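**Q** Sequences listed follow chains A and B, in order. Numbers 0 to 432, taken from numbering that gives the first Met the number 0, label the letters of the first sequence in order. Numbers 0 to 432, taken from numbering that gives the first Met the number 0, label the letters of the second sequence in order.
The hints are simulated quantities; they were obtained by calculation from the structure and are not laboratory data. The model shown is predicted, which means the values in this text are computed figures rather than measured ones. Each statement offered as a hint is correct.
The list makes no distinction among identical chains, and a pair is therefore deemed to hold if it is satisfied within one copy or across any two copies.
Below are the BS3-like pairs computed for lysine-lysine, each with C-alpha atoms no more than 30 Å apart in a straight line:
no., residue 1, residue 2
1, 154, 49
2, 376, 335
3, 330, 349
4, 244, 202
5, 202, 49
6, 93, 224
7, 388, 320
8, 390, 376
9, 390, 349
10, 335, 356
Number of protein chains: 2
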Amino acid sequence: MIAEIICVGTELLLGNVVNTNGAYLARRCAALGLSCYYQSVVGDNGGRLKEAIETAVNRSDVLILSGGLGPTEDDLTKETAAAVMGRKLILDEKSKESIASYFKKRGMEATDNNWKQAMIPEGALILENHNGTAPGVIIPGEVPGNGGETEVAGKFVHIVLLPGPPSELVPMFEESVVPYLSALEPGVIYSQTVKLCGVSESKVETQIQDLIDAQTNPTIATYAKMGEVHIRVTAAAADEKEAKKLTKPVVKELKNRFGYDIYSTEEDTTLEKAVVDLLMANALTVTCAESCTGGMLSARLINVPGISDSYKSGYVTYSNKAKRRILGVKKGTLQKHGAVSRQTAEEMAKGAAFVAKADVAVAVTGIAGPDGGTEEKPVGLVYIACSVKGKVTVREYHFSGNREKIRVSTTAAALTLMRRCMLEYFSKVTFGQ
Amino acid sequence: MIAEIICVGTELLLGNVVNTNGAYLARRCAALGLSCYYQSVVGDNGGRLKEAIETAVNRSDVLILSGGLGPTEDDLTKETAAAVMGRKLILDEKSKESIASYFKKRGMEATDNNWKQAMIPEGALILENHNGTAPGVIIPGEVPGNGGETEVAGKFVHIVLLPGPPSELVPMFEESVVPYLSALEPGVIYSQTVKLCGVSESKVETQIQDLIDAQTNPTIATYAKMGEVHIRVTAAAADEKEAKKLTKPVVKELKNRFGYDIYSTEEDTTLEKAVVDLLMANALTVTCAESCTGGMLSARLINVPGISDSYKSGYVTYSNKAKRRILGVKKGTLQKHGAVSRQTAEEMAKGAAFVAKADVAVAVTGIAGPDGGTEEKPVGLVYIACSVKGKVTVREYHFSGNREKIRVSTTAAALTLMRRCMLEYFSKVTFGQ
Numbered sequence: 000m001i002a003e004i005i006c007v008g009t010e011l012l013l014g015n016v017v018n019t020n021g022a023y024l025a026r027r028c029a030a031l032g033l034s035c036y037y038q039s040v041v042g043d044n045g046g047r048l049k050e051a052i053e054t055a056v057n058r059s060d061v062l063i064l065s066g067g068l069g070p071t072e073d074d075l076t077k078e079t080a081a082a083v084m085g086r087k088l089i090l091d092e093k094s095k096e097s098i099a100s101y102f103k104k105r106g107m108e109a110t111d112n113n114w115k116q117a118m119i120p121e122g123a124l125i126l127e128n129h130n131g132t133a134p135g136v137i138i139p140g141e142v143p144g145n146g147g148e149t150e151v152a153g154k155f156v157h158i159v160l161l162p163g164p165p166s167e168l169v170p171m172f173e174e175s176v177v178p179y180l181s182a183l184e185p186g187v188i189y190s191q192t193v194k195l196c197g198v199s200e201s202k203v204e205t206q207i208q209d210l211i212d213a214q215t216n217p218t219i220a221t222y223a224k225m226g227e228v229h230i231r232v233t234a235a236a237a238d239e240k241e242a243k244k245l246t247k248p249v250v251k252e253l254k255n256r257f258g259y260d261i262y263s264t265e266e267d268t269t270l271e272k273a274v275v276d277l278l279m280a281n282a283l284t285v286t287c288a289e290s291c292t293g294g295m296l297s298a299r300l301i302n303v304p305g306i307s308d309s310y311k312s313g314y315v316t317y318s319n320k321a322k323r324r325i326l327g328v329k330k331g332t333l334q335k336h337g338a339v340s341r342q343t344a345e346e347m348a349k350g351a352a353f354v355a356k357a358d359v360a361v362a363v364t365g366i367a368g369p370d371g372g373t374e375e376k377p378v379g380l381v382y383i384a385c386s387v388k389g390k391v392t393v394r395e396y397h398f399s400g401n402r403e404k405i406r407v408s409t410t411a412a413a414l415t416l417m418r419r420c421m422l423e424y425f426s427k428v429t430f431g432q
Numbered sequence: 000m001i002a003e004i005i006c007v008g009t010e011l012l013l014g015n016v017v018n019t020n021g022a023y024l025a026r027r028c029a030a031l032g033l034s035c036y037y038q039s040v041v042g043d044n045g046g047r048l049k050e051a052i053e054t055a056v057n058r059s060d061v062l063i064l065s066g067g068l069g070p071t072e073d074d075l076t077k078e079t080a081a082a083v084m085g086r087k088l089i090l091d092e093k094s095k096e097s098i099a100s101y102f103k104k105r106g107m108e109a110t111d112n113n114w115k116q117a118m119i120p121e122g123a124l125i126l127e128n129h130n131g132t133a134p135g136v137i138i139p140g141e142v143p144g145n146g147g148e149t150e151v152a153g154k155f156v157h158i159v160l161l162p163g164p165p166s167e168l169v170p171m172f173e174e175s176v177v178p179y180l181s182a183l184e185p186g187v188i189y190s191q192t193v194k195l196c197g198v199s200e201s202k203v204e205t206q207i208q209d210l211i212d213a214q215t216n217p218t219i220a221t222y223a224k225m226g227e228v229h230i231r232v233t234a235a236a237a238d239e240k241e242a243k244k245l246t247k248p249v250v251k252e253l254k255n256r257f258g259y260d261i262y263s264t265e266e267d268t269t270l271e272k273a274v275v276d277l278l279m280a281n282a283l284t285v286t287c288a289e290s291c292t293g294g295m296l297s298a299r300l301i302n303v304p305g306i307s308d309s310y311k312s313g314y315v316t317y318s319n320k321a322k323r324r325i326l327g328v329k330k331g332t333l334q335k336h337g338a339v340s341r342q343t344a345e346e347m348a349k350g351a352a353f354v355a356k357a358d359v360a361v362a363v364t365g366i367a368g369p370d371g372g373t374e375e376k377p378v379g380l381v382y383i384a385c386s387v388k389g390k391v392t393v394r395e396y397h398f399s400g401n402r403e404k405i406r407v408s409t410t411a412a413a414l415t416l417m418r419r420c421m422l423e424y425f426s427k428v429t430f431g432q
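Input sequences plus hints: build the corresponding full structure.
**A** Have a look at this one:
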């Protein structure tokens, strides 16, 4: 089966928004065993959207459209797809109720144009939206004839309409569209991701070049991701059991080669989740003392549900005075070595562990820029200290990019260091550097 | 003149790479006054690429293709574009020399397939590549007839071929393509964005439906963005001065209608920047006491360079004990009303202002889920308190979505509330709700 992705929105055509939906949908189609030969972007224009859908039904079996399901007049996707398929739009009472309750819950009132979102093409499946007001829609059926002119009249197609915001599109796709598409295409594509932290993508590539070169089924591909490298092992087979049998020896070989640099092989496990799992497994409490990251590290840890057993309190100590007053960093240390120094990072971690009464304390201090850099201490210089039961490790880092990128990289490095220090302390693992 | 963007590469079709070239080229075309109605992605497949180029010469005047200029067999863009335009490929000696010297400089030797990159379509302009080996190409000219069958035979088009890596494409576009395209299309497209917070997109749309309906030049479009709504006003004119003259009255009218709900009309100003500007303008210090957001609010504020004058310290008080110990929330308040309550939020804000000696203190407490919700206090219930010079405002919110979405929405709402409270206190502005 051939799939085609059409992303709708003038903001995409103007380049105001990068089309991440396109990449996400393409990746998921590939994983579901659908061949995707075309992706396109059209603006909020009825005529051109109609043309794009007509072209797509001619050459593809599954059309996935994102965007243009909103309440406003220039949201035309549902109307246009319904017209191409010869379907009327009918008010769906259940969708109307969902929209009304969405607004009620927020103490707001739905405006008249919101009911447009409850209009559903005849014979379509409705996909519930738990993260917004626009329901998704799947229109399965035969392409209608246009007095004999359409070549593909009678061809059976599946048109999937999804909301544009990724926070709505992704959960809807995973919950409702994956089961639908899986049923269409017998045979599976199964992927397992081996997730590493603290190593560079080029180093990983070099170490598995022989495996990549020898790959046929499963295939092996690496992806760099903010301080992490993911190796994706993908097998095609008749069923999941068969596919897992193909990926298993490859994953095992990767585990042999990378050992503890792998933090997880689970789809749902993020780096912060791996860190929190280690905290939980060792019944440890944790605290953070952040300067340049300014709360980002705590925010990532707290994104893990159930963290409340470990994380009680944390500190954003942005000024020197706050470092002294809250964490007890010595005035002399700040004067002699500066706020961005190995010594200050160490005292911050020790102080945080003490005031928060935490088993693990991680402290971050650095120069995120754009100003504040000197020749000796340039923008991107960061010190991270991690104390585990009083044993403190301090490391120096040099990051590049803008202020935000430096802060995000620092946060990933802090999580990586926390993980290493806990493994070294509790599991007697030794890391290279 | 109508432009069309075609990005070539199987890695894009599989979703392994996000198509940032598409967004970059679209943005630059718009700025150069070219209307871009279509973007598409095709894989490294000669037949489908030919089809895409033929479709594009039919409906557009300027085709911009990226990718597929490499030395390998599946790099087909130049060959295919030349075929559609009826041009032969001829070895360009100067390009051959550049490629040889590129390799020599790196102590490497060019392989035979590298000379493929020096083959240039007859009558094409060559764009030097200072960051890689593949030269870019512009093929200007009339679409050839195919025995009278092609509708557009004789139409004059410009086909621009650029290398795929952004580090090569972007400098080549800026250096060589911008001057070329500027000469084709006198005139500019100028956009101004009016940014609002604390209002819903559908409400904004309703309030400006008359303006949208009456729009021709400039056009008006709204975009929802995590707790914000952006209205984009875009004008086409002979020059920037003329374009600004067209957008100015519309922006003025939007300012009349939305007043202080608009936090900025500057391209670079984020909501957190608007909040920090208000802090600076009133010489205020600020602190945050965060429970469910766990540092996210501080992290957004600290993303603004120069925040160190205002932000000294902040607190992540995740446990009840931390709320009591660090912020001085009363045990009785927690017992009687719970951690997620109007009363606790208020005491957190007051306590944070006191311990941090800050003029403005904002406190956040809520249930981010997925667990911890009850019928009375469901997941998504959040209280935010903001204290400005001792005057405390507390508001109740109901957010939906997963844990991360609730926390991100809460952070945007906290910034919106901070802004409102400061404007009410210092500028005597009154807000609706």
